[in-house]
Amino acid sequence: MVKVEFLGPIQKEPIEVDVKNLKELKEVLNKDEELKEWLRVSAVGVNDKIVTNLDTPLKDGDRVVILPPVCGG
Amino acid sequence: MVEIYKGGIPVIEVLDRWYSEFKDGYGAMIPFIGIVRRDKGIDGLSFDLYLPMLNEWFKKWENLPDAKIVMAHSFGDVRVGESSFLCAVFTKHREEGFRYIKEFVEDFKANAPIWKYDLVNGKRIFAKDRAKILKGAGLLED
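So the sequences go chain by chain: Z and F.
First residue of the first sequence: 1, per the working numbering; consecutive thereafter.
First residue of the second sequence: 1001, per the working numbering; consecutive thereafter.
None of these hints come from the bench; they were simulated from the model.
Here are the simulated SDA-like pairs of lysine to any residue, each with C-alpha atoms no more than 20 Å apart in a straight line:
1) F:K1109 / F:Y1005
2) F:K1092 / F:E1062
3) F:K1135 / Z:G73
4) F:K1006 / Z:G73
5) F:K1060 / Z:N47
6) Z:K31 / F:A1137
7) F:K1123 / F:R1079
8) Z:K31 / F:L1139
9) F:K1135 / Z:T52
10) F:K1128 / F:R1038
Could you put together the complete structure from these sequences and hints?
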């Protein structure tokens, strides 16, 4: 299973999903209407590294984080 | 590693410690103190941060060959008049110090995984209008 965490202002508890890559995860997450708006503006981290390729494979135990727009300081 | 504080940062205490610890060999220490300012009815700001990626982001700034950069940030609620972000750049000369402090703070604003909320009547309201979209965002957009 892959654990997905939603950071900062995304009001959603972590979930565990059975997916083989980010493309499959994209399909799962887009079923959630409230999440869609966030996905449009959020970056994606796999095991705490930002990724930019949908073909990024995911294996059992991987952790995905969804990072909405940032504002520190 | 980024120094993390629950609530406002004890500015002078931290700057004093950094000054004593790192001044040797440097000719300039340039601090930047971010202050929560009084603004349109807010009682303060509140912050969430994601520490693993914050420290990962900071790595490229803490290992510069010609400068020492240190930073602290708050999580949770920070009241008006308190500091939520503090950093300092140590360099041999002022010119590269001024350059680094600007580059560092701009990179921080654009890329550090931190989320800011206005505190209004005890409620946290995400500061959406001031937030910056990260590089690579929208990867999972349908």
